[in-house]
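Novice: Here's the letter readout for the chains.
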Amino acid sequence: MLRFTLERLVGMVITMALVSVMVFIIMEIPPGDYADRYAFRKYSGTGVNVTQADIEAIRADLGLDKPMVLRYLDWIGGIVLRGDFGQAFAFETSVVKVIGDKGFLTLGILFATLLVTYMISIPVGIFAAVKRASAMDYGLTIFSYMGLALPNFLLALLMLYFASRWFGADIGGLFSEAYADAPWSLAKVWDLVKHLWLPAFVLAWSAVAYQIQTMRATMSDELNKLSVTAARARGVPEMKLLVKYPARLAINPVVSTIGFDVNRIFSELPIVAVVLGLTELGELLLKAYLDLDMYVAGAILLLLTFIIVFMNFVSDLLLAWLDPRIKLGA
Amino acid sequence: MLKVDNLTISFRTDEGLITPVQDVSFEVKAGRTLGIVGESGSGKSVSTKALMRLLPGNALVSPDARMAYVNKAGETVNVESLKPNSRALRQLRGGEIGMIFQEPMASFSPVYTIGNQMIEAIRLHRKASKKEAREIAIDMLDRVGISNASARVDQYPHELSGGMRQRAMIALALSAGPALLIADEPTTALDVTIQAQVLELMGDLQRDLGMGMIFITHDLGVIAQVADDVVVMYLGKIVERGATAEVIRNPRHPYTQGLLKAIPSLDTLHDRLSPVPGDIPSPTERPSGCPFHTRCGQMRAGQCDVVEPPEVQLGEGRAVRCWLDAEVSQSAKLEIPA
Numbered sequence: 001m002l003r004f005t006l007e008r009l010v011g012m013v014i015t016m017a018l019v020s021v022m023v024f025i026i027m028e029i030p031p032g033d034y035a036d037r038y039a040f041r042k043y044s045g046t047g048v049n050v051t052q053a054d055i056e057a058i059r060a061d062l063g064l065d066k067p068m069v070l071r072y073l074d075w076i077g078g079i080v081l082r083g084d085f086g087q088a089f090a091f092e093t094s095v096v097k098v099i100g101d102k103g104f105l106t107l108g109i110l111f112a113t114l115l116v117t118y119m120i121s122i123p124v125g126i127f128a129a130v131k132r133a134s135a136m137d138y139g140l141t142i143f144s145y146m147g148l149a150l151p152n153f154l155l156a157l158l159m160l161y162f163a164s165r166w167f168g169a170d171i172g173g174l175f176s177e178a179y180a181d182a183p184w185s186l187a188k189v190w191d192l193v194k195h196l197w198l199p200a201f202v203l204a205w206s207a208v209a210y211q212i213q214t215m216r217a218t219m220s221d222e223l224n225k226l227s228v229t230a231a232r233a234r235g236v237p238e239m240k241l242l243v244k245y246p247a248r249l250a251i252n253p254v255v256s257t258i259g260f261d262v263n264r265i266f267s268e269l270p271i272v273a274v275v276l277g278l279t280e281l282g283e284l285l286l287k288a289y290l291d292l293d294m295y296v297a298g299a300i301l302l303l304l305t306f307i308i309v310f311m312n313f314v315s316d317l318l319l320a321w322l323d324p325r326i327k328l329g330a
Numbered sequence: 331m332l333k334v335d336n337l338t339i340s341f342r343t344d345e346g347l348i349t350p351v352q353d354v355s356f357e358v359k360a361g362r363t364l365g366i367v368g369e370s371g372s373g374k375s376v377s378t379k380a381l382m383r384l385l386p387g388n389a390l391v392s393p394d395a396r397m398a399y400v401n402k403a404g405e406t407v408n409v410e411s412l413k414p415n416s417r418a419l420r421q422l423r424g425g426e427i428g429m430i431f432q433e434p435m436a437s438f439s440p441v442y443t444i445g446n447q448m449i450e451a452i453r454l455h456r457k458a459s460k461k462e463a464r465e466i467a468i469d470m471l472d473r474v475g476i477s478n479a480s481a482r483v484d485q486y487p488h489e490l491s492g493g494m495r496q497r498a499m500i501a502l503a504l505s506a507g508p509a510l511l512i513a514d515e516p517t518t519a520l521d522v523t524i525q526a527q528v529l530e531l532m533g534d535l536q537r538d539l540g541m542g543m544i545f546i547t548h549d550l551g552v553i554a555q556v557a558d559d560v561v562v563m564y565l566g567k568i569v570e571r572g573a574t575a576e577v578i579r580n581p582r583h584p585y586t587q588g589l590l591k592a593i594p595s596l597d598t599l600h601d602r603l604s605p606v607p608g609d610i611p612s613p614t615e616r617p618s619g620c621p622f623h624t625r626c627g628q629m630r631a632g633q634c635d636v637v638e639p640p641e642v643q644l645g646e647g648r649a650v651r652c653w654l655d656a657e658v659s660q661s662a663k664l665e666i667p668a
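Protein chains in written order, with this note's numbering: chain L, 1 to 330; chain P, 331 to 668.
For the record, the hints were derived by calculation from the structure and aren't laboratory data.
One should not assume that every hint holds.
Stated by the list, open to error - Examples of chain P residues toward chain L, derived with CB under 7 Å:
no.: 1; residue: T378
no.: 2; residue: L412
no.: 3; residue: R420
no.: 4; residue: G424
no.: 5; residue: F431
no.: 6; residue: E433
no.: 7; residue: V441
To be verified - Straight-line Cα separation of at most 25 Å, PhoX-like style, residue types lysine-lysine; simulated pairs:
no.: 8; chain 1: L; residue 1: K244; chain 2: P; residue 2: K591
no.: 9; chain 1: L; residue 1: K287; chain 2: L; residue 2: K42
no.: 10; chain 1: P; residue 1: K413; chain 2: P; residue 2: K402
no.: 11; chain 1: P; residue 1: K402; chain 2: P; residue 2: K457
no.: 12; chain 1: L; residue 1: K240; chain 2: P; residue 2: K460
no.: 13; chain 1: P; residue 1: K413; chain 2: L; residue 2: K131
Glycine is no exception: its CB is placed at the ideal position from the N, C-alpha and C atoms.
Please work from the sequences and hints to get the whole structure.
Specialist: The following block contains the structure:
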């Protein structure tokens, strides 16, 4: 297992290195840079005549005049060696400060969503497979199709509407007003947890529907395996049998798509965040792009891709743990 | 130790109700081996699955079926009336009746070591600590002839060869200490040489442990080696039964005769094999009358294809279900059970 883990770890580092190059190139692609934008912002409407030399001076000041390769090395070196993601020009502070809490909140939403997705879809999928062709199974299938058909921002709107109409509850946002600007404390974390379930549920909605069907299909296959009958013929109690024999193998396609789920959550998060008034990174990413604030955009892109690559790494390890044949190379 | 009466099993399918086992009765005596012979689709595996209550959800067992099993404590267990998921049923499975299957690879879970699955079975049915269970497992692997058992116990099923796996499967079934072993074509998937070894091993173990055994196969040659008594099944019916030596020496049913002739022999190397003609009919299209009449060389039109023959008793435990014998016994004024 150690060898396998190390191999995957090396693979992850190489992937991240390549991803960082790609991210940097993507940051360079939009025409112009922050020097143009800064000059425009500072002097527009003031009647000052801005020359090309002025812009060059700003550019040199911001360190944007150096060749791309050098700037990349500076950037990545700062991140790896000092955890310094560079300057957030538009905010006139460091990227780390700008992203700060938003990064953690995004992570919080991500993990809460994944947790909700798997806590619901895995047991329910197993249940549907065991009760195959029952009314319950058909009901779940109908629910699944609804889940796939209903866009989650619409679901978010519906939930907001009914929550405020029936319970008068303020369920938008990630914090109650009392805690919004309070420093971090246990009470604030608990407040966050109380608010997190709704966006997690909304974001998990379609994945739950999808993964229930995946789980149901693979579990149905596994239930027909001779090894399951053989274990039953040895007197293994039914609940233990289901978890130990078919479910452990049936869970494989769900685990191997953790990376896809993370990816999907990141793409759906911004629009859900707008509806529910959440603090997260998507909005900031868009703003950074509009401002050509490249290091902010780069840091966010890098962070998101790093999480996806890391979750793929976790999924690889989980798969190897679930099925030892993977690490044994059989 | 096990008496099965009037066992009829049907399955609800999309093509309607099919009945692969009809009115089957047999008995297994302690320490003896009953062979069940038949082609695929004759209902031999399904009958034994019913004994372990392993039939799928769409299976129906006739209400008058009786499966009386005398357990190790000497109590009679009525298998047909055990509740699903009950403790008594779980004890029966594995602890009282062990089962080994045709595909040793598929009957092990690929993601647990041999030892893990053995220790689980041992601890379900015997009072043993993890450490003791491991000792029992290693001892049992050693007993079935697996070399270096203390290392093999930590290996995964795919790390063993086919013959080794079947030995390990036998060890797994026996480690829980069953009094009756059901072997469902245990040697069919193996090479001939390994097949002989495994058969010998099973015979030895049965003698040592004093187990009863039900041995399912399509091969009468194998039955001749292992079974004391034999029942021959065709399309869900027992067509002939008796002591193995008697049935093989003097087969009465044309189907049994056909099966015996179909066994390749070195003595008759230059003759062509004589298979039983025709195919086994589909279970949805059961022939009327005697189920075998479509393939029988001695079929009498108007009788065999119209009326099903009764089971004719020919002596102690010896019986055949064929009009040829029914006629003989009738003319000799012998009693015909309905």
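Novice: Against this structure, judge whether each hint is valid.
Specialist: Hints and how they fare:
At about 10 Å, the closest approach between the beta carbon of T378 of chain P and any beta carbon in chain L exceeds 7 Å, and the interface hint on this residue is violated. For L412 of chain P, the interface hint is violated, since its Cβ never comes within 7 Å of a Cβ in chain L; the closest pair sits about 12 Å apart. A distance limit of 7 Å between C-beta atoms decides the matter here; for R420 of chain P the minimum to chain L is near 4 Å, and the interface restraint holds. The interface hint given for G424 of chain P holds, since its Cβ lies 4 Å from the closest Cβ of chain L, which is under the 7 Å cut-off.
Look at F431 of chain P: its Cβ gets to within about 6 Å of chain L, closer than 7 Å, so that hint holds up. Checking E433 of chain P against chain L: minimum C-beta separation of about 6 Å stays under 7 Å; hint holds. Hint on V441 of chain P holds. Least Cβ distance to chain L is approximately 5 Å, under the 7 Å limit. For the given pair, K244 of chain L sits about 47 Å from K591 of chain P by alpha-carbon distance, which is inconsistent with the 25 Å threshold.
Note on K287 of chain L and K42 of chain L: the hinted pairing holds, with a Cα-Cα distance of about 18 Å set against a maximum of 25 Å. Taking the CA atoms of K413 of chain P and K402 of chain P, the gap is about 20 Å. The hint holds against a cut of 25 Å. Restraint check: the Cα-Cα separation between K402 of chain P and K457 of chain P comes to about 15 Å, which is no more than 25 Å; the hinted pair holds. For the given pair, K240 of chain L sits about 17 Å from K460 of chain P by alpha-carbon distance, which is consistent with the 25 Å threshold.
At roughly 18 Å between alpha-carbon atoms, K413 of chain P and K131 of chain L fall within 25 Å of each other, so this suggested pair holds.
In the structure shown, a violation is registered for the earlier hints numbered 1, 2 and 8, in ascending order.
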